[in-house]
Each structure stands twice: as C-alpha cells, then as structure tokens.
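Q: Please model the entire structure based on the sequences and the hints provided.
As you go down the protein sequences, you meet chains A and B in turn. Just so you know, we're using our numbering here: the first sequence kicks off at 3 and counts up by one. Just so you know, we're using our numbering here: the second sequence kicks off at 170 and counts up by one.
The set of hints was computed from the structure by calculation and includes no laboratory data. On a predicted model such as this, the values are computed, not experimentally measured, just so you know. We treat Cβ as the ideally placed atom computed from N, Cα and C, and that holds for glycine. Just to be clear, a hint being listed does not mean it is correct.
Reference listing, derived: stretches of chain B covered by chain A, where coverage requires no fewer than 3 residues with Cβ under 8 Å from a Cβ of chain A [unchecked claim]:
1) 171-177
2) 186-197
3) 277-287
4) 296-310
5) 335-345
6) 425-433
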Amino acid sequence: MKIRAGIFHLLIGIYSVFYVIPLFWMFFSSFKGNGAIFDNPFGMPESWDFGVFLEAWNRGGLAKYVFNSALVTALATSLVLLTASLAAFAFSRYEFKFKKQLLLLFVLGLLLPIQAYFIAQNELFEFFQLKDQRFTLVLPYAGLGIPLATWLLKAYLDSLPKELFEAARVDGTSDFGMYRLIAAPLLKPGLATVAIFTALGSWNEFLLANIYVQDDDLKTIPAGLLAFSTKYVTDYQLLFAALTVVTVPMIVIYIVFNRQVVAGLTEGSLK
Amino acid sequence: MKSTNRWTPYLFIGPALAIYTFNVLIPLLGTLYASFTKWSGYGSPVWAGISNYSRAFRDTIFLNSFKHVFIYILATIVLEVIIGLILAGIISSRKKTDGYRIALFVPVMLPMVIVAVLWRFIFNADFGLLNGFLEAIGRPEWQQIWLGDQRFALAAICLVSGWVYSGFYLAIFYAGIQRLPRDVVESASLDGASQFKIFWNIKVPMIRKLWEVAVLICITGGIQGFDLFFVMTNGGPYYSTEVPTTYMVRMVFRDQEIGYGSSLAVIVTATVLLIGLIYSKLKKQSELVEY
Numbered sequence: 003m004k005i006r007a008g009i010f011h012l013l014i015g016i017y018s019v020f021y022v023i024p025l026f027w028m029f030f031s032s033f034k035g036n037g038a039i040f041d042n043p044f045g046m047p048e049s050w051d052f053g054v055f056l057e058a059w060n061r062g063g064l065a066k067y068v069f070n071s072a073l074v075t076a077l078a079t080s081l082v083l084l085t086a087s088l089a090a091f092a093f094s095r096y097e098f099k100f101k102k103q104l105l106l107l108f109v110l111g112l113l114l115p116i117q118a119y120f121i122a123q124n125e126l127f128e129f130f131q132l133k134d135q136r137f138t139l140v141l142p143y144a145g146l147g148i149p150l151a152t153w154l155l156k157a158y159l160d161s162l163p164k165e166l167f168e169a170a171r172v173d174g175t176s177d178f179g180m181y182r183l184i185a186a187p188l189l190k191p192g193l194a195t196v197a198i199f200t201a202l203g204s205w206n207e208f209l210l211a212n213i214y215v216q217d218d219d220l221k222t223i224p225a226g227l228l229a230f231s232t233k234y235v236t237d238y239q240l241l242f243a244a245l246t247v248v249t250v251p252m253i254v255i256y257i258v259f260n261r262q263v264v265a266g267l268t269e270g271s272l273k
Numbered sequence: 170m171k172s173t174n175r176w177t178p179y180l181f182i183g184p185a186l187a188i189y190t191f192n193v194l195i196p197l198l199g200t201l202y203a204s205f206t207k208w209s210g211y212g213s214p215v216w217a218g219i220s221n222y223s224r225a226f227r228d229t230i231f232l233n234s235f236k237h238v239f240i241y242i243l244a245t246i247v248l249e250v251i252i253g254l255i256l257a258g259i260i261s262s263r264k265k266t267d268g269y270r271i272a273l274f275v276p277v278m279l280p281m282v283i284v285a286v287l288w289r290f291i292f293n294a295d296f297g298l299l300n301g302f303l304e305a306i307g308r309p310e311w312q313q314i315w316l317g318d319q320r321f322a323l324a325a326i327c328l329v330s331g332w333v334y335s336g337f338y339l340a341i342f343y344a345g346i347q348r349l350p351r352d353v354v355e356s357a358s359l360d361g362a363s364q365f366k367i368f369w370n371i372k373v374p375m376i377r378k379l380w381e382v383a384v385l386i387c388i389t390g391g392i393q394g395f396d397l398f399f400v401m402t403n404g405g406p407y408y409s410t411e412v413p414t415t416y417m418v419r420m421v422f423r424d425q426e427i428g429y430g431s432s433l434a435v436i437v438t439a440t441v442l443l444i445g446l447i448y449s450k451l452k453k454q455s456e457l458v459e460y
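A: This is the structure we're talking about:
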C-alpha cells in the first residue's frame, strides 16, 4: 500500500509540476535580460533583481489598470448583488401579475451568449455617449451578471421556510423590512457565491472592455496589459515582469480563499 | 404571499429589469434588426432583407470558422472534461490531495488575456518554453513556429484551453464524487472491485449530471470562444484559427459591416439556443427512461 501511495504522489506530483511550469517560467524570465531569455529560455536566471517588478509597474502604468479593474469590479458586483437580490426576493415570495412572463425574460438572459447583443449595445452606448467614460463598463457587466444572479438567489430564497416570512407579516413587518431583516441576512452564502463569480467575471472580461474603452487611462487589466504588450513588444523581460505582477496577487488571494473561490465558480457555472 | 402594497413586487424587480433591459434586451432586438440591414454605422441603416444571411451561408471564411470551432469543442471535451474526469477519479481515490487540487485550479483564476499573452511566449519560435524544452531534450528538429503554422496553431490554442479548464472540471467532478454516498463505494471495494472498476462503473455513472452539464458548457461556451483566439492568433495564419466571434468582431469593428456582422451574431446565437434546447429535451427524455 505504501508503495502504491508513493507512486500515486509521484505521478500526480510530476503532472502538477508540469502544469504550473508555465507560471514559474514567467516568474523566472522576469529576472533575465533579453539576451538570456533568447540564449537559454529553459535556464534559471543568474541574478534576482526584484526591482524589475517596480519598473514594470511604473513604466507600464499598471497602477491605473489595477485601479480601474478594482473600481469597475466593485461597482458592477455591488449593483448586481443589490438589484438581483431585490428581484429574487419579489420573484420568490410574492404573487403578482406578469410574474411568469417577467421571470421568463430573466431566464432568457441565462441562455443568451454575449454575441447576441454586443454589436447593438455598442451602437447604443455610442448614441448615448457612454463609451470611454470612467464607469462605462459597470452597466454592461451588471447587465451580464443580473440574470444568473437573480436565478441563483431566487433558488436560495425558495428553499427558506414560508413560516419565517408569514410570522414577520403577522408582526407587521413592511415589505422592504422583510427583505432587509429576514431575506438579506439568510441570503449571505448565496450572495457570497454570486459575488465571487460576478467579481471574477468582471475582473477578467475582455471582449466588451476592448471595444468600449480606447482611452489608456480608463482601461482595465486585460485590455491594458494587451496594450502594454503591443507597446513594449520586444522588451520581453519587462513583459514577463508585468505579467507576473498582475498574476501573483491573484494567485495568492486564490490560495488563501481557495475553498470559497472554487465553490463560487463551480456553483455559478452549474446554475 | 401577497405584498402589503401591490406595487412592491414591481418596485423590487424594477432596478434589475431596467439594467437588464437597457443592456441586453434592447440591444438584442437591435442586433436582430440590424441583421436585416446594410449599415456602416453612419447615416441610417438600409433595409436589405435576408441578403446578409444568404451571404453568410456562402461565406467560406465564416463556414470554416464553424469547422474550427467544432474541432476546438471536440478537443476541449477531451482535454478538459475527460482529463478532468480522469484526474478526479485518480485524486478522489486518495486522501491529502489539497495541494494538487489547488495547483491544478490556479489557471482558472487568471484573465484569459493574460493566459493568452503568456502562452504566446511559450509557443514563441525564438525563445519559447516549448522550443527550449525540445532543445533541452535533444530534439531541436521537432521545433516549430507553433502559432505561425497552419498545421499547429489551432491545436496550440486547444491545448491552452485544456491547460486552463481541466482543473476547473476536476474541481466540479471531485466535489460531486465527494458527495456520493459512502456505503456504495465502500461496499464495492469490500467486494474486491478494483479502483478503476469503482471509478468507471460506479463513480462516473453517478455523477452523470455533472459531466453532462460540463459537455454542454464546452459546446455552448466553445461556440462563443474569443479571448484566446483574438490574442494568440486573431484568426491567423491564413484564417486557420478563425472562429465566428473573431470574424464577427473584425467585420463590425474593422470593416464597418454592422449589418453583416449582426447576421453572423444572430446565427451564432440561434446555434447556441438550439443546442441548449436540444440538450434540455434530451435530458427530459433520458429522465423519463430512468424512472
């Protein structure tokens, strides 16, 4: 049994190492000059100058991309959590006219690919001069996240016992009071799941970011880093350093919160 | 339950519906309308009937883009779902595997664009990790200009997709296997069934729902693929990695063919919805058979 366990760890271990080699290669290449990168792509760096990360950060203006991504992500996620939880509460707890039809509209959003609407959305944003603004991406990201968030939160609320709300009704709690005092606190695990996949989706989104934001000062990380890689196209060391600077914090955050992140992402995709 | 005020439900739904309508529903109708027009973005659209659609079905680049995406989907089903399933089977047969699962999930976290830029370097002909590796193992004759060669570019993109998502499906399947009732697996191993038999005859059928959804995500998600293709090759070389969305984006935002691009968007959307519909029909039928 011991030997078999050993073989297992050896094989899976080797596989995992191969799996993460690209990330280590990116990290090590940040310390090599262009010469060393070309002459010996597979070798280890000769010196370890961590100043290269600071240089990439400053010369690439990475701070502004990170700031823009953080701002857009935070606003879009808050907007989704607030509006979707209110809608989910109404769908789950109340009977009203056109409920079925309205719910069907949201379900349609679950199925639609972004291709179904982004071309005309671009024209609409053009018409209202919403492109290239500080908050340009907040609305489309919220629109992208709301259907799935509403659907998931409704499922969470459906699983709560009816008596909870009926008792509160007898006590004279208002409609909004029920949402705020009973539904919202009990929804916390659901809200956390929704927050994780909405936030990660906004943080990583590229198609819309690339179309709607041309002003370099307003770009988010994916579009900003792509622009950076076109600008410094031959300064490989700098590019590797920039890639490392934006990925390492995400990997660290992931390792710390890996349980929540994995649960949030997998639940979000399975609907 | 009835609300105390009869307008309450609408007030609660209002904000979400307003954002959703403005950003999704109106543009959806707009794209559908634009697909029947000729429009460069300036002036008014000119009604063009179904001419965009008949053009699309004669456009060999567009038709080939579906072929590429089909190959891509098949490859991702193997590289992501099947490999994820095998990994989940192997890892779930042991304890203390947190480290592996954490490591294999890391790429899922990263923005696709960053992954694409990194892998563009890995496949780089001059200093890439792959050619460097072939040099190091004494096989320089195997070196290629991976992304610049029609024979390899699409395969290279498929591989990157597999690198990102096999850990994702591993996580889904692993969680599913952990939730299986203990006694079933234990009684099988008491009966002397091998680990492989337990995996193949018990675990895989019992998490059927999960891998069915995984295949569906691969299909509908694959048709929408964009980031990797756009950054790694942007459809090249010689359209060999052109997929519907890269072509659509080029039509609309470079060639100003908004009407034609919209018709391509409608075709892609219809395909996704159709597959979703067929899937849910099939699922219903298979559930009828089971009970």
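Q: Give a verdict on every hint.
A: The hints, checked one at a time:
no. : hint    : verdict
1   : 171-177 : holds (count 6)
2   : 186-197 : holds (count 10)
3   : 277-287 : holds (count 9)
4   : 296-310 : holds (count 8)
5   : 335-345 : holds (count 5)
6   : 425-433 : holds (count 3)
Of the numbered hints given earlier, the model fails none.
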